[in-house]
Amino acid sequence: MPPLLEMQNIEKTFPGVKALQGVTLTVGKGEVHALLGENGAGKSTLMKILAGAQVKDGGVIRIDGKEVDIKGPLHARDLGVAIIYQELSIISHLSVAENIFLGRLPRLFGMPWLVDWKCCYQRSSELLAQVGLDVDPRTPASRLKVADRQMVEIAKAVCENAKIVVMDEPTTSLTQREVETLFKTARLLQSRGVSIIYVSHRLAEVKEICDRATVLRDGMKIGTVEVAETTSKDWVKMMVGRDLDQLFPKAPVKRGKEALRVDNINSRKLKNVSFCAYEGEILGIAGLVGSGRSTLARTLFGAQHGASGTVEIGGIKAAIGTPHDAIEQGVALVPEDRKIQGLVLSMTVRENITLANLRGVSRAGQLNLRSEAKVADYYVGALRIVTPHTDQKAVNLSGGNQQKVVLAKWLYSDAKILIIDEPTRGIDVGAKVEIYGLLQQLVEQGKTIIMISSELPELIGMSDRIIVMHEGRVAGELSRDQFSEEAIMSYASAVTH
Amino acid sequence: MNPNGARKSEAATERLTAPLGLTYMLGKFTEHMVPAVFLIALIIGLSLISPNFLSVGNFLDIARVASIIGIMAVGMTIVILTGGIDLSVGSTFALAGAVTASFIPGSFSDAPLVLGLDLPVPLAILVGLIVGTMIGFVNGFIIAKSRVEPFIVTLATMAFVRGLTYLFSGGFPTIFRPMPPEFEWVGQGNVLGLPTPTIFFALVIAIGVWITRRTTFGRSVYAIGGNEEASRLSGIKVQWVKIQAYSLMGVLAALSGIVLSSRVAAAQPTAGLTYELDVIAGVVIGGTSLLGGRGSIVSTVLGVFILGVISNGFNIVGLPTYYQYVTKGLLLIFAVGLDAHLRKTQRH
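Residue numbers (this note's numbering), protein chains in the order written: chain A, 1 to 497; chain B, 1 to 348.
In case anyone wonders, no lab produced these hints; they're calculated from the structure. Even glycine gets a Cβ: it sits at the ideal position worked out from N, Cα and C. Do not rely on the hints blindly, as some may be mistaken.
Stated by the list, open to error - Chain B is faced by these chain A residues, among others (derived, beta-carbon under 10 Å):
1) G193
2) C276
3) A318
4) T322
5) H324
6) E328
7) L345
8) L358
Said to hold, decoys possible - Listed next, the in silico SDA-like pairs over lysine to any residue satisfying Cα-Cα at most 25 Å (straight line):
9) K393/A / G83/B
10) K233/A / M489/A
11) K393/A / E229/B
12) K374/A / H389/A
13) K29/A / A204/A
14) K344/B / T13/A
15) K328/B / K145/B
16) K145/B / R268/A
17) K393/A / K237/B
18) K237/B / K207/A
19) K257/A / L478/A
20) K145/A / A204/A
21) K339/A / A63/B
22) K344/B / S398/A
23) K393/A / K145/B
24) K344/B / E229/B
25) K207/A / F483/A
26) K328/B / A63/B
27) K29/A / L203/A
28) K344/B / L203/A
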């Protein structure tokens, strides 16, 4: 019997980037198959091709042994492929039942425009019972928690008789208990012959629920393994391409004076946040999505207002009302979203690098273009930014190089305290190592780095201390000898000790 | 990490940038190619149809008329580059012209509000320019501090300032009996054979190019238009830059209005009506994007001349005025469409 799904030699290229090269994936009926890889490995692209949201440039897809040419998302759904995106496709203004039957509301007497609501709500209730979600189908989706919305999406997939359900990073915003409910539903689907492709980079979950796993790295398939037979070392080797200790160039640095002291920051989202950071230290900030990490960063940087509390920099009370103030006082923020917050894509590499310190390349308001060119050249060389020349528009660089341009900008601003929000999001392994090396160099020079990250290995590998946030407050602090994924996650989910 | 303290590393000696001049010039060249080629084609076409078109006298005429719109268009370019727009320029044009005229010795008006006070010509001009700056400042301040769209804010000031102009002038034109020669020179004089309005335009262009290419203010303008949030997060004082941009627009609108009132020897309260359309059309047709962050003074100059050549050329050739409107409208649609297309292809 042929496997349910075969994706063979899939190729996909975006301008400047080879997202997928000859990737092959096979999934059997009723199998829970993990798709693993770092950010930027190609997992999302591959699944988007399967779901009809992207068109492949090469390769063959077979469902139930028959070759298919997936023309679009509707076609994919007709073929039995349902995808649950990380951002979810629930429409908040509509009710649960309307979301489940989106585009396919049962008709009254078969007539167009007339809806058989009784049938709709009844069938919705049945489906919700099947996935274990106890809500009235008439409830507006906006009233549901993220985890419950996810269940609605699964109910929708079941309703459409999906043969393959793709879950893209489903547990990012879930608590431990919600994750368990999700797993229960997954096993239920599995028992009914539905295959699940579980896209994630969280090994612990993969080990618990998946049968086999395919690992991608830098757009290529590294291997397919039986989950039960693979060791932790094997996983890391496949996903990262090198041994774990090589990935994080961490060397102990003598801790200096107190660089930053934050006392009782209170705002709509933050509650009594207090901590301090020292020269020569990398302070990691962990927490689930929505726990207030980025809000804290933006508040400290003056990008977000409405907070009370005190901040001391180098022992002196600081008043930071705008990003301009922050930069004057030596604080930098490398933001979470480099395209929307970090770069002016329409400007060149050179212009982006000097943007936070125009004073450095100008005199009395007049720019010295020659100095600027030298500064840009310097950083392109020092950070090994791949670009044909510094007059290249930033939009044309790859993700990793764009991130390096953002870093270069903040390095040139000569900040003493760098807050970095997700330093290596969407960046390939090679560039990651370079960025970690850069962070290490910075703390060796006595700078202070506050690193917000959702990647636990990154936090554990590079931080000296980690504070964990949960729902706006500091839930816990760990020193290097206490680091572990379990410890961090338990603080992040506020599981009482 | 500091470039100034670093020894020359291998990477730095490697020529990562083409000599500063070449790529820069090349890039600017391709950017301006479309409007430039179009302008040349227009000129050639019109010259072939009518020999009257191709003469020094006619070109000076075109330049003189284009200068009035052009001076404002330089200011508008900077405002549009920040992602904003200013619909009130026609009104500022009129108010500044009326205010300056009222202070010029020899001016006369039936209006009760126009003071008999006379100032030396340069001072009268300065007062008009200050009025323009103030209007621009108010525009910029409201736009920067509130979240209201520039379109709406300047639509409101357009009406408000026009109202002020009518109030101030009582609806009457201000004429000169006689016009002092210093003021006459402003709109009707000649410098080295070129009409003074054109000289002013040339100066404004030069300053505009310098501002946009060589100052931190100009860099900030492009940055804000390209990505306002990223600019703010990079420490750019977004509000202050916007206020400056609109203030500059105000002063240039005032200058243009004053030059015109000298040229036509009268300050009409209806002066400048609908001029904002020609100014904005000139900027957009030249290639500056209404979304901000892309464009240049040079492209605006090309756009202004394209419009000027169309107005003048079509008249000479004998086409009814309606064809001008249709052509300008089509050009606008084409320019905006081209910009939208370029944005889509350049941003994967």
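Taking the hints in turn, this is what the structure says about them:
1. A hinted interface residue such as G193/A counts as satisfied when its beta carbon comes closer than 10 Å to some beta carbon of chain B; here the least separation is about 39 Å, so the hint is violated.
2. The closest approach between the C-beta of C276/A and any C-beta of chain B is roughly 24 Å, which is over the 10 Å cut-off, so the hint fails.
3. Taking 10 Å as the C-beta contact cut-off toward chain B, the hint placing A318/A at the interface is violated, the least distance being around 15 Å.
4. Of the supplied interface hints, the one on T322/A holds, with its beta-carbon coming within about 8 Å of a beta-carbon of chain B, less than 10 Å.
5. Because the closest C-beta pair between H324/A and chain B is about 5 Å apart, less than 10 Å, the hint holds.
6. Contact between E328/A and chain B, as hinted, is supported at the beta carbon level, the nearest pair being about 8 Å apart and thus within 10 Å.
7. Hint on L345/A holds. Least Cβ distance to chain B is approximately 7 Å, under the 10 Å limit.
8. With 10 Å as the threshold, the beta carbon of L358/A comes within range of chain B, its nearest partner Cβ sitting at about 4 Å, so the hint holds.
9. Between K393/A and G83/B the CA atoms are separated by roughly 19 Å; this keeps the pair inside 25 Å, and the hint holds.
10. Between K233/A and M489/A the CA atoms are separated by roughly 21 Å; this keeps the pair inside 25 Å, and the hint holds.
11. Between K393/A and E229/B the alpha-carbon distance is near 18 Å, which keeps this suggested pair within the 25 Å criterion.
12. Proximity of K374/A to H389/A is assessed by CA-CA distance (about 12 Å); at most 25 Å being required, the pair is judged to hold.
13. For the hint pairing K29/A with A204/A, the CA-to-CA distance comes to about 23 Å; that is within 25 Å, so the pair holds.
14. Taking the CA atoms of K344/B and T13/A, the gap is about 18 Å. The hint holds against a cut of 25 Å.
15. Distance hint between K328/B and K145/B is unfulfilled; the C-alpha atoms sit about 35 Å from each other, more than 25 Å.
16. Our distance criterion of 25 Å between C-alpha atoms is met by K145/B and R268/A, whose separation comes to about 23 Å.
17. In summary, the hint linking K393/A to K237/B is supported, as the alpha carbons are separated by about 23 Å, within the 25 Å threshold.
18. Our distance criterion of 25 Å between C-alpha atoms is broken by K237/B and K207/A, whose separation comes to about 50 Å.
19. Distance hint between K257/A and L478/A is fulfilled; the C-alpha atoms sit about 20 Å from each other, no more than 25 Å.
20. With a CA separation close to 24 Å, the supplied pair K145/A and A204/A stays within the 25 Å bound.
21. The suggested pairing of K339/A with A63/B is violated, with an alpha-carbon distance near 43 Å, which exceeds 25 Å.
22. Restraint check for K344/B and S398/A: satisfied, since their Cα atoms lie roughly 18 Å apart, inside the 25 Å limit.
23. Between K393/A and K145/B the CA atoms are separated by roughly 31 Å; this puts the pair beyond 25 Å, and the hint is violated.
24. For the suggested pair K344/B and E229/B, the alpha carbons sit about 21 Å apart, so the restraint of at most 25 Å is met.
25. A distance of roughly 21 Å separates the Cα atoms of K207/A and F483/A; the hinted pair therefore holds under the 25 Å criterion.
26. Annotation: proposed proximity of K328/B to A63/B holds, straight-line Cα distance about 18 Å (limit 25 Å).
27. For a cut-off of 25 Å, the pair hint linking K29/A to L203/A stands: about 23 Å separates their Cα positions.
28. Using a Cα cut-off of 25 Å, the hinted pair K344/B and L203/A is violated, with the two alpha carbons roughly 38 Å apart.
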